Structures are given as structure tokens and as C-alpha cells.
Amino acid sequence: MEEEAEKEKMVKVYIMGREFEVPATLNIVKAFEYAGYRFVRGIGCRGGYCGACATVYRFKDDYRLNFALACQKAVEDGMYLTILPFVPAEKAQYELDKLKPRGTVLLELYPEIARCVACNTCTKACPQELEVMDYVQAAIRGDIKELSNLSFDCIQCGLCAMRCPAEIVPYNVGQLARRLYGKYVAPQAKHTHARVEEIHACVFDEELDNYSILVKEDVEKLKKIYVEREIKVG
Amino acid sequence: MSKTIRLDSTEAAKFAAKIQERSGEPIDMCFQCGECSSACPVSSDMDLMPSTLVRFTQLGLKDELINAKTIWVCASCFHCVTRCPKGIDIAKVAEALRQELLRKKLDYVEVRDLSMEERQEIPQIAIISNLRKFSR
Amino acid sequence: MKIPYFPGCSLKTIGEGFEKSAIASAAILDFELEELPRWVCCGTVSSLTTDDLMHHLAPIRNLIRVEDIKETQLVTLCSVCYSTLKRSNALVKNDPEKLKTMNQFMDKENEYQGSVKVLHFLELLREMGFDKIKEKVKKPLRGLTLSPYYGCLLVRPKEFGIDNPEDPTILQELTKALGADVIDNPYQLKCCGSYHTVDKPNLVADLGYKILTYARNSGADALVLSCPLCAFNLDNRQREIKRQYPDFVEIPILYFTQLMALAFDLGEEKLGFDIHYVDPVPLLKEKQLLIDSLPLIKEK
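These protein sequences, in sequence, are chains A, B and C. Sequential numbering from 1 applies to the first sequence in this note's numbering. Sequential numbering from 1001 applies to the second sequence in this note's numbering. Sequential numbering from 2001 applies to the third sequence in this note's numbering.
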């Protein structure tokens, strides 16, 4: 009895058409590995941050196409699975220092955003549940702030770019907007600037040199200094 | 200049029916009064007059139609339909003909071909509408 | 009265003065233009083939968002947005099958019930009566002669136009109510070249030359219109016109709402003249219609 309860619950999945029984506790990446596949490329951090393992799946008898990060999505009974290695996408070449944060810059570098028909397919494809279509629309009207806010949690997995019928690469547009926003629009942290100036003025050089000597000569002392260092809270 | 046009009746009729259906316009009602051609503000740049475009569509002259400059000159300003005694919207006929090419990936305008100056100057309303008409 | 308003992309960029002056003037007439939440680009031109629903999604999605905020009207300023939204609305109202298909595509969004009416701001003005507008005028546009320009989508095709497609008067009535003089321009309905400004700027310059030169030769000081694409083709493209036609004399282009804001005396910051290609300020100063130039001669 006890043994039976401990036995792992198994689900039936279809990997590139072939049926497999895999433990229900596995995510899609691990289910592949359990079934005997080995990933040499195309799988990154396995922690849901890098976006390399974005994939699509369907359920048996369901027309809908579903989207997920394969390392984050637990397998379910009846899933049809695959792994997408890579979504080819073009990124515009620019020098951020030479750009101006005016609204039209997005259309200049990515003029194909004008082809957006607001079909919302990108939003449906986003495993981060971002309002991708809304941010592409913000790009068309040049609203850099809105665009950076809406695209903030993008991990550049590429699913939106693959699904877009207008062949737009939304995540690159979002990235450009966030860079512009960070560099030119968002309020700058004054204390950071002050610290950078101190660094340029070599205020900390002597202190750092002393630590460098300790790295070579007295690591224990360095550890003690580290443990006893002053920590500002709040 | 006279030109002999050979009609392949089946193919031509099929093409005419396709354009009629895609445009949703009663193309067969046209009796060549020419009001549309006189109303068209851009006919000077056209090779086929709007009324000729409709006539050729009735006849299903596919090659003449999809190779005509006219379908890329029409500005969809709806002067023609306003004047047409039969209410035929030739802008829709031109769009149905353009789609014959655009749906086969034969774009007339490629957005990446616009120069950086053009991209900076031309407002989105113009670029978006142009792409809707001239790109797949 | 609060009314949901659809700006469209241009009013956030090249038509900034159009939007600012419209919102300010509307307030004088007790309309509060409230920007539609999460609006998307209308698509600018309506899809003209019977089998293409994809390009109607954006307009219908905007109308769903009007229903989402429990409203039944949507007012536009741009003639292009007006036409596109109105045409898609009519399409689905007349064809329940197409509406069903689009609603199914919308997935988790609410279905469109077809309850929204699309209006152009000029229609609101006509409904309230030009006499009422005249009453609000503080600084009549005396001495200013204008050539109204309709272009295409405001009045054509006639099922989707706001006025007689061959002989519209709505802009004339408004400009007269504001105290300006109006000339007849036979080119008032002629196309400005529209989207050809991208691929055939020379054709656009030809058309602009005819429209603007007629206005100038008939004694107009400026053109008045309601479409940001016409405004670009007739204002910014004057550079190309000049290149093609050395005899061409520049003429300013004004949005009808800028005239209203001037006549209602709402201050220069509401007008957005700084982004016009042909600066209307010297003209308006000459006509003593801008405050900062000469002491204003107050009308009784």
C-alpha cells in the first residue's frame, strides 16, 4: 500500500509525435531528458530567466496552441511537445549615445512596426504574460515610457517574433525603448553619479590597493574586514 | 494603337469572377460611361483609365490588369464611386487586383527600402496606410 | 458631457496641435474628450476586400474597449481614423457572420456587441449648432480668409461621410461661425495624394500645387482641414512643391480646432504652431489674431 502511494504519478505525453510516459512532476525540459533526449544547445539557465527554452505545445483534441518556457512548465497528461531551438530575429544597429529619445526613433530603426495590425497574436504567445501588442502599439505612437513599462519583464524568448504575422520582432523594439528610457528619460540617481565621480577622482584607489595586497598576503585578515564591514541598512 | 486580345474564356471568366467576389463589387453592371475616369484626380499617372480597369476586369484580362500601373496609382480617395451611376467602387476593384500580387508575396513597397531621412520625415499615418495598400 | 475620444497615432506626433486645440476648445463647449483607454492604431485605411478580416481587428478591438468602459459613442478628430473605425463598425453590424468570426478570434477579450456609434468631432459641433459655437467666440477671426479642404475620407464614400460628398458645407459653416471669411475652392474635395507621399512624393506635390495655388490665387490666407495626413501632404510637402514649381508661394495649413482655440482665445500654448512647416504665426500676427504680438482689439 505504502509503496503504491509513493509511486510517482505518471502522465502520457507525445514528444515529436511519439508517446512517452513521464513523471508528472517534471517540467518539459526534464520530460525530454527522461524520455532519453539530450540537449546540447538551445537550453539555457533552466531557471526561467534566459528565455532560451521557449516552446509551444498542444493538448490532444484541442486546437489551441500553448506557449511556455520549457524549464518552467510542468508536463500534463496529453501534451504534444517539442523544443524550439531558436527564433531567428534581426536587431537594428545603433549607438545609444547618438540616439535621441524622441518618439519617432523606434519607427526609424524598426519601420516594420508600421505593419502591426493589432491582431494580438504576440500577446497570446508571451510566456511572461506581457501585453506585447499594446507595447508595439505604444512604439508606433512613440510612447517610450509606456513601452518600457509594458515590456519590462520581457526575457527575449522570441515567441512573439515567431508568431507575428507582420514579421515584427517586438522584443527588440522593447529593448531599444527600455535603453532609451533608462538612459534619457528615467530620473537619474544623484548618489550614483556622485559615487562615479569619486571613483574617477581616485578617492578609493589607496583603499583598494591595500585590499589587493591582503589578497596575496593575508586572506584571513581580508575575510575579517569583510565580515566586520559597515553595512548601511535601508 | 490597336491590340488584339485573345480571350481564354474559361480562365478569363474565372479571373473575372474571382475579382468580382474579392472586391464585392457588381463589376458586370458597368456600361463604360467614363464618369469615374473623369473624376479620378490621379488618372494622369495611370496607364489604364479607371473605366478601362473595370472593362478589363469584366473580360478577365489578368495579365493586363496585374501588370497595370493603375492599381498602384489609385489613392483610394473614392471619387470614382461617388460619381459612378451604378455605385461601383473601383478602389475596391484595384485593391482586389493588388491583392492578387501581394498574396503571392510580390510587394510593391518594402519598408526597409525607405531611407533614414524618409523614415524620419514621413509620419506613421502615411507609412502605415502605404504598407496596408502596397505590402503584404 | 464626457465623451470617449480616439486620438490615433498622428495626434500624438505630427498633429499635436490638433489634439491640444481640440481638447481645449471642446471644454469650452462643455465636451470633455476622454482618451479611450488602451486604444490601438485604427489601421489608417480600411481594408477593401471582402475576404480580409485581419485588418478589421484593430478597429473592432477599439470599439470593444468603448463597450468595456460602458460607453456607446466614440469621437475622432482625424478623418482617417473616423473612416476606418466607422467602416469596420458598419461591416460587422451588417454581417453577423463576420462579427462572429472576429469575436471568436478575440479570445479572452469581451465580444463586440455592436453598440458603439463612431462620430467625427465636426458632427458633434454640427449637432450642437454653429450658432451656439458663435456665442462662445471671444475673438472673431475677422480679416482671415480661409479655404476649407475636405479631402477624401471625411466625406467619401457617402455612406461613411459626414456631409454631402459632392458639396459639403460643414467646414464653411464652422469657419464662418468663428468669424472668418471663406472662399470656394473647387479643389476642396480633390485627393491630396494620401499614402502616395511615401512612394510617389512627386504626385503628391502635383496635387498639392493645384489645391494650394488655387486657394492662394483666390485670396485665401490659409487652408483649413481635419486630417493629419492631408496636413502633412499639404504643409510639409510644400518643400517638394516649391522644388517642382518655382513659382509656388507658401501658404499655412490650419486644423479647424486650432481656429476654434484662436477664436475662443485659449492661448498660444494650445495651438501647437511650432511644428508646422509653414509657420502660421506671422499671418496671425498680421491679422492681429495672436495676443503676444499687438495689443488685442477687444470686440464688443
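Simulated from the structure, these hints should not be mistaken for lab results. Every value quoted in this text rests on a predicted model; they were computed, and no experiment measured them. Treat the hints loosely; a few may be bogus.
What the hints assert, rightly or not - Computed spacing ranges between beta-carbons, pair by pair:
hint, chain 1, residue 1, chain 2, residue 2, range
1, B, Glu-1118, A, Phe-204, 16 to 26 angstroms
2, C, Lys-2117, A, Arg-41, 48 to 58 angstroms
3, C, Asp-2030, A, Val-196, 50 to 60 angstroms
4, A, Asp-77, B, Leu-1059, 36 to 46 angstroms
5, B, Ser-1038, C, Asp-2052, 55 to 65 angstroms
6, B, Ser-1038, A, Lys-145, 24 to 34 angstroms
7, B, Glu-1118, A, Gly-182, 42 to 52 angstroms
8, C, Gly-2114, A, Phe-152, 50 to 60 angstroms
9, C, Asn-2094, A, Gly-182, 47 to 57 angstroms
10, C, Asn-2164, B, Ser-1038, 36 to 46 angstroms
Claimed, not checked - List time: in silico DSS-like cross-link candidates among lysine-lysine, alpha-carbon distance up to 27 angstroms:
hint, chain 1, residue 1, chain 2, residue 2
11, A, Lys-9, A, Lys-60
12, C, Lys-2139, C, Lys-2176
13, C, Lys-2098, A, Lys-124
14, C, Lys-2012, A, Lys-183
15, A, Lys-124, C, Lys-2108
16, C, Lys-2132, B, Lys-1018
17, A, Lys-145, C, Lys-2093
18, C, Lys-2132, C, Lys-2242
19, C, Lys-2020, C, Lys-2200
20, C, Lys-2117, C, Lys-2098
21, A, Lys-12, A, Lys-30
22, A, Lys-124, C, Lys-2132
23, A, Lys-124, C, Lys-2134
24, C, Lys-2108, B, Lys-1069
25, C, Lys-2134, A, Lys-60
26, B, Lys-1018, C, Lys-2020
27, A, Lys-100, C, Lys-2270
28, C, Lys-2158, B, Lys-1062
29, C, Lys-2020, A, Lys-145
30, A, Lys-91, B, Lys-1014
31, B, Lys-1014, C, Lys-2098
32, A, Lys-145, C, Lys-2270
33, C, Lys-2012, A, Lys-98
34, A, Lys-100, C, Lys-2012
35, C, Lys-2020, A, Lys-100
36, B, Lys-1104, C, Lys-2098
37, A, Lys-124, B, Lys-1105
38, B, Lys-1086, C, Lys-2158
39, B, Lys-1086, C, Lys-2098
40, C, Lys-2136, C, Lys-2287
We treat Cβ as the ideally placed atom computed from N, Cα and C, and that holds for glycine.
message: Please check whether Asn-2094 (chain C) and Gly-182 (chain A) have a Cβ separation lying inside 47 to 57 angstroms.
response: holds, 49 angstroms
Restraint status (C-alpha distance of Lys-9 (chain A) to Lys-60 (chain A) at most 27 angstroms): Distance of about 19 angstroms is within 27 angstroms: holds.
message: Run the distance test for Lys-2136 (chain C) versus Lys-2287 (chain C): straight-line Cα separation, threshold 27 angstroms.
response: At roughly 20 angstroms apart (the allowed maximum being 27 angstroms), Lys-2287 (chain C) and Lys-2136 (chain C) satisfy the hint.
field: Outcome of range test on Cβ distance (Asn-2164 (chain C), Ser-1038 (chain B); 36 to 46 angstroms)
entry: Hint violated: Cβ distance 19 angstroms, outside 36 to 46 angstroms.
message: Against the 27 angstroms threshold, does the CA-CA distance of Lys-2158 (chain C) and Lys-1062 (chain B) hold or violate the hint?
response: violated, 30 angstroms
message: Please check whether Ser-1038 (chain B) and Asp-2052 (chain C) have a Cβ separation lying inside 55 to 65 angstroms.
response: Given range 55 to 65 angstroms: violated, Cβ gap about 30 angstroms.
message: Between the alpha carbons of Lys-145 (chain A) and Lys-2093 (chain C), is the straight-line distance 27 angstroms or under?
response: Violated, because 37 angstroms separates the two Cα atoms, which is more than 27 angstroms.
- prompt: Does the Cβ pair Asp-77 (chain A), Leu-1059 (chain B) satisfy 36 to 46 angstroms?
  reply: violated, 60 angstroms
message: With the threshold set at 27 angstroms, check whether the alpha-carbon distance from Lys-124 (chain A) to Lys-2132 (chain C) stays at or below it.
response: With a Cα-Cα distance of about 49 angstroms, the restraint between Lys-124 (chain A) and Lys-2132 (chain C) is violated, given a limit of 27 angstroms.
- prompt: Taking 27 angstroms as the top limit, are the C-alpha atoms of Lys-124 (chain A) and Lys-2134 (chain C) close enough?
  reply: violated, 50 angstroms
message: Holds or violated: Lys-91 (chain A) and Lys-1014 (chain B), Cα atoms, limit 27 angstroms.
response: Since the Cα atoms of Lys-91 (chain A) and Lys-1014 (chain B) sit roughly 44 angstroms apart, the hinted pair is violated (cutoff 27 angstroms).
task: Take the C-alpha atoms of Lys-1018 (chain B) and Lys-2020 (chain C), compute the straight-line distance between them, and say whether it is at most 27 angstroms.
output: Roughly 47 angstroms separates the two Cα atoms, so the pair is violated.
Checked against the numbered hints given earlier, this structure breaks hints 1, 4, 5, 6, 7, 8, 10, 16, 17, 18, 19, 22, 23, 24, 25, 26, 28 and 30; the rest are met.
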